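Undergrad: Start counting the sequence shown at 1; every next residue gets the next number (the numbering used here).
If you are wondering where the hints come from, they were derived from the structure by calculation, not from laboratory data. One should not assume that every hint holds.
[Said to hold, decoys possible] Here are the in silico distance ranges between beta carbons for each label pair: (1) GLY3 - PRO54: 16 to 26 Å; (2) ARG131 - GLU22: 30 to 40 Å; (3) GLU124 - VAL89: 18 to 28 Å; (4) GLN18 - LEU53: 17 to 27 Å; (5) GLU13 - ALA125: 40 to 50 Å.
Every value quoted in this text rests on a predicted model; they were computed, and no experiment measured them. Note that CB positions come from ideal geometry on N, CA and C, so glycine has one too.
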Amino acid sequence: MAGCVFCGIVAGEVPAFQVTDEPDGVAFLDTRPVFKGHVLVVPRTHLVTLADLPPESLPGYFGLVRRIAVAVESGLGAGGTFVAMNNRVSQSVPHLHTHVVPRTKGDGLRGFFWPRTRYADDAEAASYAARVRATLAA
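I would like the entire structure built from these sequences, with the hints used as guidance.
TA: Here it is in structure tokens:
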């Protein structure tokens, strides 16, 4: 898609520190990493959100994300990884992408930059679960 920086990276028109280029997606370093070694994984096709990813593409794409998470951990000696995806809100590039961030104990990352909240009580929590469950069943 014209003007999409991630499509430009996939096409080889925009430089990136590429980790891999495969049929299921492309992985490259984030230019503004949370921690060094922070990788972005994108599908080759221009899609905006996870809902746009065809069901038949899920195994290949998330298989690649899984492999990148394992590689980040072992290749960088990280204690683990944080794997995350934004859909529209806070999505700086409107092209589906998954963040794979290396983590180490005591690295200072707390809740990945968002405040935490609590439900008023169990009834409120149950009502949220029911609303999502009702939509999921539809």
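Undergrad: Of all the hints numbered above, which does this structure not satisfy? Sort the numbers upward.
TA: none
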